[in-house]
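Chains A and B supply the protein sequences, listed in that same order.
Using the working numbering, the letters of the first sequence map in sequence onto residues 1 to 885.
Using the working numbering, the letters of the second sequence map in sequence onto residues 886 to 1000.
In case anyone wonders, no lab produced these hints; they're calculated from the structure.
Virtual Cβ for every residue (Gly too), placed ideally from N, Cα, C.
Be aware that one or more of the hints could be misleading.
To be verified - For lysine to aspartate or glutamate, the following DMTMM-like pairs were computed, each having C-alpha atoms within a straight-line distance of at most 20 angstroms: (1) A/63 <-> B/944; (2) A/38 <-> B/956; (3) A/38 <-> B/944; (4) A/63 <-> B/929; (5) A/38 <-> B/922; (6) A/574 <-> A/717.
As the list claims (entries may be wrong) - A few chain B residues facing chain A, derived, Cβ under 7 angstroms: (7) 936; (8) 940; (9) 944; (10) 945.
Spelled out, the chains give:
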Amino acid sequence: MSARRGGPGRFRWPWRRRGHIAREVDEELAFHLEMREKALVESGMAPGEARERALWEFGDVEKVRRSMRRTDGRIERVRRWIIVFEEPVQDARFALRSFRTDRSSLLLVGAVLALAIAAGNTTFSVISGVLLRSLPYQEAERLVNVRVTPREMEYTPGEGATLAAPVVELASSTRAFAGTAYLTSNGSAVLTGPVEPQRVESAWQVEPAFFAVMGAAPLLGRILVASDAQEGARVGVISHRTWRTRLGGRPDVLGQVLRLDDEPFEVVGVMPPGFEFPNEAEVWRPAAPLDPVEVASERVQGGHWFIGRLAEGVALEGARGLLDTGIGAAATERPSLARWRANLQPLRDDLVGPVERPLWLLLGAVALVLLMACVNVGAVLLARGVARRRELATRLSLGASRARVARQLVAESVVLTAASGAVGLLVTLWAVPAVARTLADDIPRAAEIGIDGRVLSVAVLASLLTGVIAGLLPLLHLSLQSPHEALKDGGVGSGTMGWRVRFLEGSVALQVAFGLVVVSVACILLWNFVRLTRLELGFEADRVTAAQIHFSAARYASLESQQAFLDAVLERAKALPGVEAAALSDGFPFRGGGVGTAEVDGVSTPERPIAVWNTSVTPDYFRVMGISLVRGRLASDAGGREAVVNEAFVRRLLPDGEPLGRRFEPPGSDELWTVVGVVTDTRQQDLRAPPPPQVYLPFTPSGRDFTPYQLFVRHVEPSADAAPDLDAVTRSVDPTFVPDRVVSLRDNVFETVAQERLYGLMLGAFATLALLIAALGAFGLGNFAVRRQTRELGIRLALGESAVRLQSAVVTRLFVVVAAGVVLGLGVATVALPLLRLALPELEPWQPTLLLLPVCLFLVTGIAAAIGPARRAGRVDPIRTLQAE
Amino acid sequence: MSARSMELVKGTLDVLVLRTLAGAPMHGYAVSEWIRERTGGALEVRDGALYQALHRLEERGWVESAWGVSETNRRARYYELTPEGRAQLRAETATWRSYVDAVFQVLGPPSEDVG
């Protein structure tokens, strides 16, 4: 018969429209009537009569026509249903069945793809939470942080929170802002009242306008109002978290009187959950209006925020211009103002600016890894397609349409990538909360990391994209192959296969190249982290613990009472078992301290000041910290105005002549002090910066507000947990004293490189995955090449070639491919790696030697991946393979 | 051969059509011709009912249709038994045979003329 055959292999374009169905029914009926009429005429009937007869035999044509159309319409609907819902399921099941061959390699590439997808999803969830989600304040993009810096100083965004009172006044009066507010930190304070005494780390005094500027409304009670500040009302607003955790969420919280460092205040409001600006704030109390004396002094202070809400229609640049113009105008009356420059920064940038570029860098790296995994899956499917070419060709020649076979191949990649995507998503669901917890202390806004609609949709989109990329490769194979060619060709081998092998080789080289870039970046970042941790600190951090001592102003009002408490604590700390030495200070490396300008005649003058660190210490401080005295002696006592300086101080400020006996004005002092000793340098605050000039003055309680003192102990044994002992010491001197933070110096130093460690570790994980993927790719290629050449290998073995020679040929070939990838990767790396400093400006200048390790890793991986295939090549049985043909 | 045509017992047409298609795919006109020849016109089968039956059978999944080219080089809709249709044919044939056997058990063997 001449009709095209139906059957499951035939691809039929599914969408027949109603008109189409009607025409088909008409055509079928017309055909029947004409055929019958013709037959009747041939049997001798007159044409007209034959027509009548045919119609009579048929019955009610119109009725039948309508009924047939209805039936066909129903058939069509069912068919569409099948095509849309059932056939894909069939395809998927067929794909799953076909996965039985190559199960282990498919499982492996699928698992790796799932890991890569999970890594991508997780990284994106971090970016989404930290960078993309807008701050949880009303019209948050209009909120800016206002800072002033001396004009001659380079301004580093996000650093050096400084504020000069006159500029605050000025800014409040320009039309740049719809509102402004300044905030002053109370530092760490002790909360008492109807609760156990406990430390509150983030308490603030704010201008009442603060809440309006932030666009925040209270959950309970009210926010602060202008009259609170003017009348010095003892009221405060607390955060939701504080209400819940510290006050047990009691409903009668409004009207409660709490005490912060013994100062009572009445709780008048509770803010809604999530409002904890700034720095996870717990308590906001009214700040007094700016003191005119303070305004006149132009003192630059730390511990402040000055925020503004840009006026409607005013852009950031415009506001900056207005503020600068304002400063300029005011400077005609007060020339000293002219040295200030206004820096405005969106609040969001201020919070997340430092992590923004590194996070995008991580996403870029993970994207490369994901791309590698896609190419890897695609290559495996392509290799399978080649191995199954006879099966596919047979199906094509048996009438299966190309589209149908293509659908089958796409179904395989879709099933594989969809399964990987699903597994990847499961891993993501597990990983994101874990990562958010891990990052909590290391990056800003970590609490906002989570899985939301955006993360989910990007995850699904990424999975689909991987499916498309991975699915295209095998299709390429199909489009270039005719069934004739595939059937004629014995099975494996011969020239027409060449491009596919080269294609696979190219994909492996590409994977190696991408992998090399990722691993190189990881090496550079990890090296950067290791380098930072191995820098000479200038002090011994391992066995030293510091306990912060923060006096409540009410209880320890006089300096004498503070001194007495500190002396007693120091004595008892020294007597603790296992303690080698103990000391007091008002600051220590990596936990801040005083910075100011020292004045030395001719070198550091008020016009050209040099910043120095200023710490007051008890004599044993140097022993505790392992800082050695290089010249001279230690200061005798507070009365003698004798100072110890470090070597950096001597280099910068006293470069000529003998430093001992020289006199200078230390920061915050108008008197001349004499240098009596020089000690070794220590790094301060920033591992990346060289040790700064430093002045050590004899320890006395300074009475400065909110300056915590530090008690240091040096233990005989490392890693002793000193916190309970030190808490006990302070409590034994004053039972009402609420212990503050106790930190080991080592932890404290490492906190400052937490982000470097984070980037290094995450990239390290990505790099491991990249290496694994590249190894899998190379291994798969080697196996494929050996399988493809089985006949050739068999012949060569039969002709007496040694197995070792064949094996080394396999290894060499694979090595060449990997080496080509390495060269390509090196090319990319040379261009791309210097750009890393855009993301991490403090990176060391890029060193080519850092690429040595990644290159070796990949070359070794290439050889290792070749071992399996090479052994397979050596085991080829010439007789069997030749017979098999 | 009786000149009188008989009303078709309900449901019989379907099994006749299935049987007709058991040999090879055919278009509707060929099916009607085949039945006409086989029965000598004894069964009164309206062609319209036949076409309705073909489409009904297709809806049930017992036959499949596709457009092909007829022996006179015209486009025609061909019908073909599906595996399910074949099974259905077997089942219905068996039912018919046992039904006819049972009827003849009462009426006497089919060869005897009872008229």
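Hint by hint, here is what the structure shows:
Taking the CA atoms of residue 63 of chain A and residue 944 of chain B, the gap is near 18 angstroms; set against the 20 angstroms cutoff, the hint holds. A C-alpha spacing of about 14 angstroms is found between residue 38 of chain A and residue 956 of chain B, which places the hinted pair at or below 20 angstroms, so the restraint holds. About 30 angstroms separates the Cα atoms of residue 38 of chain A and residue 944 of chain B, which puts this hinted pair outside 20 angstroms; it is violated. Taking the CA atoms of residue 63 of chain A and residue 929 of chain B, the gap is about 18 angstroms. The hint holds against a cut of 20 angstroms.
As the CA atoms of residue 38 of chain A and residue 922 of chain B are separated by approximately 16 angstroms, the hinted pair is consistent with the 20 angstroms bound. For a cut-off of 20 angstroms, the pair hint linking residue 574 of chain A to residue 717 of chain A stands: about 15 angstroms separates their Cα positions. Checking residue 936 of chain B against chain A by beta carbon gives a least distance of about 6 angstroms; that is within 7 angstroms, so the hint holds. Because the beta carbon of residue 940 of chain B sits about 4 angstroms from the nearest beta carbon in chain A, less than 7 angstroms, this interface hint is met.
This hint holds: residue 944 of chain B has a C-beta 5 angstroms from the nearest C-beta of chain A, less than the 7 angstroms allowed. A least Cβ separation of about 10 angstroms between residue 945 of chain B and chain A goes past the 7 angstroms threshold, and the interface hint is therefore violated.
When held up to the earlier numbered hints, the structure conflicts with 3, 10 and fits the remainder.
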